[in-house]
Amino acid sequence: MGYALNFNLIWRHFDKLWGGLLLSLELAVISIAIGIVIGLVLAVWYVSAGRAVRAAIAAYVEFIRNVPLILLVYLVFYGLPTVVDLAYSAQTSFILTLSVYSGAYLVEVFRSGLEAVPRGQLDAGKAIGLTPWQRLVHVRLPTMLRITLPALSNTFISLFKDTSIASVISVPELTYGAQWINFNTFRIVEVYLVTTAMYLFTGYALLFALRLVERRFRAAR
Amino acid sequence: MSTSSNDTPALLDVRNVSKSFGAAQVLRSVSLRVARGEVVTVIGPSGSGKTTLLRCVNFLESYDSGSIRIDGKEVGFRDSGTRQRRSERDLAAMRAETGMVFQSFNLFPHLTAAGNIMLGLRKVRGKSEAEARSIAEHWLGRVGLAHKADSLPAELSGGQQQRVGIARAVAMEPKILLLDEITSALDPELVGEVLAVVRSLAEDGMTMLMVTHEMAFARDASSRIVFMADGGVSAVGPPKEILAAETTNERLRTFLARFRASHF
Chain X
1 MGYALNFNLI WRHFDKLWGG LLLSLELAVI SIAIGIVIGL VLAVWYVSAG RAVRAAIAAY
61 VEFIRNVPLI LLVYLVFYGL PTVVDLAYSA QTSFILTLSV YSGAYLVEVF RSGLEAVPRG
121 QLDAGKAIGL TPWQRLVHVR LPTMLRITLP ALSNTFISLF KDTSIASVIS VPELTYGAQW
181 INFNTFRIVE VYLVTTAMYL FTGYALLFAL RLVERRFRAA R
Chain C
1 MSTSSNDTPA LLDVRNVSKS FGAAQVLRSV SLRVARGEVV TVIGPSGSGK TTLLRCVNFL
61 ESYDSGSIRI DGKEVGFRDS GTRQRRSERD LAAMRAETGM VFQSFNLFPH LTAAGNIMLG
121 LRKVRGKSEA EARSIAEHWL GRVGLAHKAD SLPAELSGGQ QQRVGIARAV AMEPKILLLD
181 EITSALDPEL VGEVLAVVRS LAEDGMTMLM VTHEMAFARD ASSRIVFMAD GGVSAVGPPK
241 EILAAETTNE RLRTFLARFR ASHF
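From first to last, the protein sequence lines are chains X and C. Residue 33 in the UniProt record's numbering sits at position 33 of the first sequence; the count goes up by one each step and never skips. Residue 35 in the UniProt record's numbering sits at position 35 of the second sequence; the count goes up by one each step and never skips.
Careful, some of the hints might be misleading.
Each pair of labels, with its calculated beta carbon distance range [unchecked claim]: (1) Val29(X) x Ser157(C): 37 to 47 Å; (2) Asp64(C) x Gly50(X): 17 to 27 Å; (3) Ser158(X) x Asn16(C): 51 to 61 Å; (4) Arg216(X) x Gly205(C): 36 to 46 Å; (5) Arg146(X) x Arg89(C): 22 to 32 Å; (6) Thr82(C) x Ala49(X): 21 to 31 Å; (7) Ser158(X) x Gly205(C): 56 to 66 Å; (8) Gln84(C) x Gly50(X): 18 to 28 Å; (9) Asp64(C) x Leu145(X): 30 to 40 Å; (10) Val83(X) x Glu129(C): 46 to 56 Å; (11) Leu145(X) x Glu129(C): 21 to 31 Å; (12) Arg119(X) x Gln84(C): 22 to 32 Å; (13) Gly50(X) x Phe21(C): 19 to 29 Å; (14) Val41(X) x Gly126(C): 25 to 35 Å.
Simulated from the structure, these hints should not be mistaken for laboratory data. By construction, the Cβ of each residue, glycine as well, lies at the ideal position given by its N, Cα and C atoms.
For reference, chain C alone in the conformation it holds in the complex (with noise of 0.2 Å):
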């Protein structure tokens, strides 16, 4: 297990969180920090609760008990203690520092590939309309769509569909960007181009968790993966120990060679 995290301070903190979907209880007090610049992988089988997990941090989904932190702020409710619920414009200035990049795009289909980017930094960070419009076209560059600004997501491939998306989630300046299997939806030829942004951020220094399939992009662009299984966290540690193929954890050898045997 990595202990670089446990001393410096996280950026996110995510402690003992459960949540039930009626009976079924979908995350077991799950622990997790993410360091600045740090990023992060959530693997494990389809159920395990990644998705839910990640959609906690940013409050799309609310939980039962336990506490997350984003620099050390609570992030849905007042204070962990009283469990009170922030108002909607708190919780919306919240989002507004976690970027999100979902495996459905969800861009809005109205606006242009620019237009798209600029809704959250005129409506939310206030921008005028020239300086959206100059940060959507920078970002739109670093993704390699500086000629597609002014096209409908319609006009997109999946693939660029799934860059603008990225794009629209890292201008609005994030402290941690949440990705969630964004590449699932995509055709496998177009994958790659959407890591390349990816791995490119992580360059950068941006600090990232994220949820995938790709175990071949997680172990090459990941600090940490975390396994979960049964919504809770079965294994933490770096690429080259989780993925290991000897490990010692049962659940997720069988994880494992279940996946190498329809990947491979």
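With the rest of the complex left out, here is chain X (with noise of 0.2 Å):
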């Protein structure tokens, strides 16, 4: 073990990873927001919808599943520009295409979690006289979502992670940052150790604000 390590010139150019963490913080918010939106809206629409649309919304969860992440990204931000008339930025593509996956990942996480909520609470949403739409929003979504919330939360970790592949398209984000002062330093034990200890200090922070969301939801409005 001659190796000795030397944290000196990860100090020098902490800004690359400290900014770089903030720009994955953001490519995740951006994305999960996104596909949040996606995941309810199609969700919604899968439990109340016909056959066409299921097997459509099930042939994009499936697609999205099956195909591994990084190809993703490579399809997005350099296969579809030339087939199509578009130019975006490498930070645009990363959040389209992560948008579009993660509402895969929750179009499944919200179905699964419409479907368990029990029958005898719809049916109590109409005695009383709600709307159908009325049900959704005060009966089906609020049960919904404290099902799924350990499973969202799970999901959220998870796309925070997945935004390191950002990096292999340029997008200045911590990982980015780690490979740049290894390019630039050549300390990567050093560099590596402090990235992956980022990650997981941000990880735990999320889950720890992803569990005080839960109780909060498990307490009374």
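Dock chain one against chain two, each of which comes alone in its own frame, and use the hints as you go.
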């Protein structure tokens, strides 16, 4: 073990990591927000739609879930602009990809949550005279949320980690910052130790925040 | 047989309602009238269609033929002739006129006891937050749960949850209250507190149609008892007549004998 750890060079370039982490979070938050909209709309549509719509939504989910994210990132960033006349930055391209990607996973989470809402609760909503829309908003979605929150937290953490893939198209997020420091300082062990710690810490912070939300939702409104 | 409800206009008028689930016919031309202020109890062996009948009255279940009217208005269809289903908005408005209490309580788990009662008052009746809250508190007081207004269903016992369920239904001031085996899921020691609430509502003149296995309660609280067997009405009459051991109705006698054997 002749390798002596030296973190000095890492701290000198720490702005690359810090800025990268902030961008990672930004990518995750925007993509997940769009993914939630996609997931909710499609899940609600799925549980109330006919066979054709269900098949189309299922095909979208299956496609996304069986193709590696990195391939989707390449396809959207390099492939799509050559087919259609579109110009977008790497960052926009990645947000678009991760949104569609997270949407597919969230459809599944929301759909199973919606289907897990006990029928008795929907009956109770009907019995007091709520319209279908009111039953969805005031009975089905709140219960679905409570059922899915743990699975949702896991999906969010996982999607946050997936932002590291943006580095392959040079989006300067955390992993890209780590690669940059590695190429320029060759302190490979130090930079990845620090980066790992940053992912770990942020992941735990997110999980903690999400657990607080879970507890809040369990408490009275 | 009671003739009283045949002369006065019935609040609930069920005529020749039939329904099948696939090949199984669960309701066979059921007719039943409930007058205002009457408490009618439906008894019968499991699988005799009691719950299905109740669920047809507020159109949680559709039916294949016949007609169900509340206060003269056809419940699920625009009119009984064309059998054109009402719009969802109409159905919701019709259902707001009937209250229902379920065997499994079915409280909204994310809302407090007061919140459960307030939801319909706010969204269906359009009451203000403060008004809904005060109505909710009034009814929680009536069912003996004033101190539990801000408790979540998960924090309440089965008997307490069911009393909230009753409060949620009656707070809407329904024309008729449907009670579907509301004590069947309760531990025996909690049954009494729930039945006491139902009894006090009956004394207030609330019209009720209930399915129950509590024979003693049915005998004491109802104006008439309907005995259902194989999806049809097999006997109707005042409790004394129906629950008499010497009834000539063969099926009823068997049912009562079995019931007594298993409960005493």
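Status of each hint after checking the structure:
no.	hint	in the structure
1	Val29(X) x Ser157(C): 37 to 47 Å	42 Å, holds
2	Asp64(C) x Gly50(X): 17 to 27 Å	23 Å, holds
3	Ser158(X) x Asn16(C): 51 to 61 Å	58 Å, holds
4	Arg216(X) x Gly205(C): 36 to 46 Å	43 Å, holds
5	Arg146(X) x Arg89(C): 22 to 32 Å	28 Å, holds
6	Thr82(C) x Ala49(X): 21 to 31 Å	28 Å, holds
7	Ser158(X) x Gly205(C): 56 to 66 Å	59 Å, holds
8	Gln84(C) x Gly50(X): 18 to 28 Å	21 Å, holds
9	Asp64(C) x Leu145(X): 30 to 40 Å	38 Å, holds
10	Val83(X) x Glu129(C): 46 to 56 Å	54 Å, holds
11	Leu145(X) x Glu129(C): 21 to 31 Å	22 Å, holds
12	Arg119(X) x Gln84(C): 22 to 32 Å	26 Å, holds
13	Gly50(X) x Phe21(C): 19 to 29 Å	22 Å, holds
14	Val41(X) x Gly126(C): 25 to 35 Å	28 Å, holds
Of the numbered hints given earlier, the model fails none.
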